[in-house]
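**Student:** Residue numbers are given in our numbering: position 83 of the sequence shown equals residue 91, and the series is strictly consecutive.
Hints should not be assumed to be uniformly reliable.
Unchecked claim - Straight-line Cα separation of at most 25 Å, DSS-like style, residue types lysine-lysine; simulated pairs:
{"no.": "1", "residue 1": "Lys102", "residue 2": "Lys55"}
{"no.": "2", "residue 1": "Lys46", "residue 2": "Lys107"}
{"no.": "3", "residue 1": "Lys22", "residue 2": "Lys107"}
{"no.": "4", "residue 1": "Lys46", "residue 2": "Lys22"}
{"no.": "5", "residue 1": "Lys114", "residue 2": "Lys22"}
{"no.": "6", "residue 1": "Lys55", "residue 2": "Lys107"}
{"no.": "7", "residue 1": "Lys114", "residue 2": "Lys55"}
{"no.": "8", "residue 1": "Lys22", "residue 2": "Lys55"}
{"no.": "9", "residue 1": "Lys46", "residue 2": "Lys102"}
I should point out that these hints are in silico values taken from the structure, not numbers from a laboratory.
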Amino acid sequence: MEKKAREPSGDRRKATLRALGRASVATPDVAGLLGLSKGQAYRICRKLEEEGLLESELGQHPGHYCVDCDTALTSENYQQCEEEGHDIRPLAIKVRIWKLTARGLKAAGL
Numbered sequence: 009m010e011k012k013a014r015e016p017s018g019d020r021r022k023a024t025l026r027a028l029g030r031a032s033v034a035t036p037d038v039a040g041l042l043g044l045s046k047g048q049a050y051r052i053c054r055k056l057e058e059e060g061l062l063e064s065e066l067g068q069h070p071g072h073y074c075v076d077c078d079t080a081l082t083s084e085n086y087q088q089c090e091e092e093g094h095d096i097r098p099l100a101i102k103v104r105i106w107k108l109t110a111r112g113l114k115a116a117g118l
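Could you put the whole structure together from the sequences, leaning on the hints where they help?
**Tutor:** Structure below.
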């Protein structure tokens, strides 16, 4: 049975376009702005890109890596590792950067 991707609802679609505004925003940041998982945000943005409302490119997103825990850090566990004196190093993560096209700006009402 083939699974068909659902269309983003009008509200979620408009919220995504407005969240991007006139800035270039990375997928993790889009997810944070909308309260979605990174996967959900990525799928919505890809669909909007297919419609010509967004354009994207690969870029780097700053992050941190804890050598002691052997893991990439989130904002939640960064504080804990820092307090425990762990060896924390900067980490550049490849992410997709989204930007509104002229059509996207018009659709967002910006």
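**Student:** Hints first: check each against the structure and report whether it holds.
**Tutor:** Hints, one by one, checked against the model:
1. Using a Cα cut-off of 25 Å, the hinted pair lysine 102 and lysine 55 holds, with the two alpha carbons roughly 20 Å apart.
2. Using a Cα cut-off of 25 Å, the hinted pair lysine 46 and lysine 107 holds, with the two alpha carbons roughly 16 Å apart.
3. Proposed proximity of lysine 22 and lysine 107 is supported: the alpha carbons are some 14 Å apart, at most 25 Å.
4. Proximity of lysine 46 to lysine 22 is assessed by CA-CA distance (about 18 Å); at most 25 Å being required, the pair is judged to hold.
5. Between lysine 114 and lysine 22, the direct Cα distance comes to roughly 11 Å. Compliance with the 25 Å bound is thereby established for this hinted pair.
6. Of the supplied pair hints, the one linking lysine 55 and lysine 107 holds, its CA atoms being roughly 13 Å apart against a limit of 25 Å.
7. With a CA separation close to 17 Å, the supplied pair lysine 114 and lysine 55 stays within the 25 Å bound.
8. The straight-line distance between the Cα atoms of lysine 22 and lysine 55 is roughly 13 Å, inside the 25 Å bound, and the hint therefore holds.
9. This hinted pair checks out: lysine 46 and lysine 102 have alpha carbons roughly 13 Å apart, not beyond 25 Å.
Going down the numbered hints, you'll see the structure goes against none, and every one checks out.
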